[in-house]
Amino acid sequence: MANSDNFPLEEEIVSILGQCGPALTYALQSKFGCTAVLHGVDVASAGAGQSMKPEMRFSTLLSKGLRVSVWRDDLTTHRGVEAVVNAANENLSHGGGLAKALSDAGGPDIQRESDRYTKANGKLLTGDAIVAQPGNLPYKKIIHAVGPSLPYNCRKYDVDNATPKLRAAIKNVLEITIKNHLKSVAIPAISSGLFNFPLPLCADVIVKTLKHYHDHNYNGAPLEVRLECVWIFGSFLAPPPQHFLVFERKQK
686 MANSDNFPLE
696 EEIVSILGQC
706 GPALTYALQS
716 KFGCTAVLHG
726 VDVASAGAGQ
736 SMKPEMRFST
746 LLSKGLRVSV
756 WRDDLTTHRG
766 VEAVVNAANE
776 NLSHGGGLAK
786 ALSDAGGPDI
796 QRESDRYTKA
806 NGKLLTGDAI
816 VAQPGNLPYK
826 KIIHAVGPSL
836 PYNCRKYDVD
846 NATPKLRAAI
856 KNVLEITIKN
866 HLKSVAIPAI
876 SSGLFNFPLP
886 LCADVIVKTL
896 KHYHDHNYNG
906 APLEVRLECV
916 WIFGSFLAPP
926 PQHFLVFERK
936 QK
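Position in the sequence shown (from 1) plus 685 gives the number in our numbering.
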């Protein structure tokens, strides 16, 4: 037996789901154990190889020369930066969410290099980050960063305990970027999504960590940080009439 719920979708969401629908349905299945069916959404025609149009939402230049901007784009195809950050897990097993998307787009070398790292060094601890080759991705490097993983429906206590680890992950990303003479990096909302860190709080922590790093650690090296609101599946928008999303949950 299974229960199902229908959710109407507005036109704005339909175009987004046409591009990232498969990733969304995968995330829902792996995280919640429910099957999502997109009715009236032509996922195939939105097709592989077609990316959303890059859109810069905000940009500012801080006093020491660090440029920070906010973008809406697909991190598997984003252009204009030298490095991309992958929201990885401790095992560097890129099997879901953004990690899977980047690994799939970059080809098998990304997972192979990650496997070699964990075999030689063990798990990558929460808050840590490493630099690696990007495979076929349009970057010079990929930076695997492990943010904290929180329980579903996490409490304030969980968020408070996880916040220092998220700060550490962002700081390590910035230090790796500068150490490797990379002049720009794209950072997603690490620990949100599958890792359950509430998105607004996650964004707040990332921005405040950037500001603190600029004020206390930044040495003026040329650097642009792009914050990417990519894999958020338009969840902040309202849903629609002609198209709908069906969630089916199996009863235990």
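Among the hints, a few may not be true.
EDC-like cross-link-like pairs, simulated, lysine to aspartate or glutamate; straight-line CA separation at most 16 Å [stated by the list, open to error]: (1) K868 x E909; (2) K804 x E775; (3) K825 x D813; (4) K856 x E798; (5) K785 x E798; (6) K896 x E909; (7) K896 x D845; (8) K738 x D758; (9) K785 x D800; (10) K868 x E775; (11) K850 x E909; (12) K850 x D813; (13) K864 x D794; (14) K856 x D800; (15) K738 x D759; (16) K864 x D889.
Pair ranges (Cβ atoms, derived) [as the list claims (entries may be wrong)]: (17) T745 x D800: 17 to 27 Å; (18) K841 x A805: 33 to 43 Å; (19) Q818 x N838: 14 to 24 Å; (20) R797 x F743: 34 to 44 Å; (21) A805 x L746: 16 to 26 Å; (22) N776 x K749: 17 to 27 Å; (23) P823 x D843: 14 to 24 Å; (24) N806 x T745: 15 to 25 Å; (25) G905 x N838: 38 to 48 Å; (26) E740 x D889: 26 to 36 Å; (27) R797 x K864: 34 to 44 Å.
In short, the hints are calculated from the structure, not lab data. Everything numeric in this text was worked out from a predicted model, so none of it was measured. The beta-carbon is built from N, C-alpha and C at its ideal position, and this holds for glycine as well.
Results for each hint:
Note on K868 and E909: the hinted pairing holds, with a Cα-Cα distance of about 6 Å set against a maximum of 16 Å. Between K804 and E775 the CA atoms are separated by roughly 12 Å; this keeps the pair inside 16 Å, and the hint holds. For the proposed pair K825 and D813, the alpha carbon gap of about 20 Å is over 16 Å, so the pair is violated. About 23 Å separates the Cα atoms of K856 and E798, which puts this hinted pair outside 16 Å; it is violated.
Among the hinted pairs, K785 with E798 is consistent with the structure: their alpha-carbon atoms are about 14 Å apart, no more than 16 Å. Our distance criterion of 16 Å between C-alpha atoms is met by K896 and E909, whose separation comes to about 13 Å. Annotation: proposed proximity of K896 to D845 is violated, straight-line Cα distance about 19 Å (limit 16 Å). Distance check on the hinted pair: K738 and D758 sit about 7 Å apart at the alpha-carbon level, within 16 Å; holds.
At roughly 14 Å between alpha-carbon atoms, K785 and D800 fall within 16 Å of each other, so this suggested pair holds. Restraint check for K868 and E775: the C-alpha separation of about 26 Å exceeds 16 Å, so the hint is violated. Between K850 and E909 the CA atoms are separated by roughly 23 Å; this puts the pair beyond 16 Å, and the hint is violated. Straight-line distance between C-alpha atoms of K850 and D813 comes to about 8 Å, which keeps the hinted pair within the 16 Å bound.
For the given pair, K864 sits about 23 Å from D794 by alpha-carbon distance, which is inconsistent with the 16 Å threshold. Only pairs whose Cα atoms come within 16 Å are accepted, and K856 paired with D800 is rejected, the gap being roughly 24 Å. With a C-alpha separation of about 8 Å, the suggested pairing of K738 with D759 holds against the 16 Å cut-off. Of the supplied pair hints, the one linking K864 and D889 is violated, its CA atoms being roughly 25 Å apart against a limit of 16 Å.
Judged by the Cβ atoms, the range 17 to 27 Å given for T745 and D800 is violated: they are separated by roughly 39 Å. Against the hinted window of 33 to 43 Å, the Cβ-Cβ separation of K841 and A805 comes to about 38 Å, which satisfies the hint. One distance hint, 14 to 24 Å for the beta-carbon pair Q818 and N838, is violated here, with the actual separation near 38 Å. The given range of 34 to 44 Å is respected by R797 and F743, whose C-beta atoms sit roughly 37 Å from each other.
In this structure, A805 and L746 break the distance hint of 16 to 26 Å, their C-beta atoms being roughly 40 Å apart. Judged by the Cβ atoms, the range 17 to 27 Å given for N776 and K749 is violated: they are separated by roughly 37 Å. For P823 and D843, the Cβ-Cβ distance of about 36 Å falls outside the hinted range of 14 to 24 Å, so the restraint is violated. The hinted range of 15 to 25 Å is not satisfied by N806 and T745, whose Cβ atoms lie roughly 37 Å apart.
For the hinted restraint 38 to 48 Å between G905 and N838, the CB-CB distance of approximately 43 Å keeps it satisfied. For E740 and D889, the hinted distance range of 26 to 36 Å is not satisfied, since their beta carbons lie about 22 Å from each other. Taking the beta carbon of each, R797 and K864 are about 24 Å apart, not inside 34 to 44 Å as hinted.
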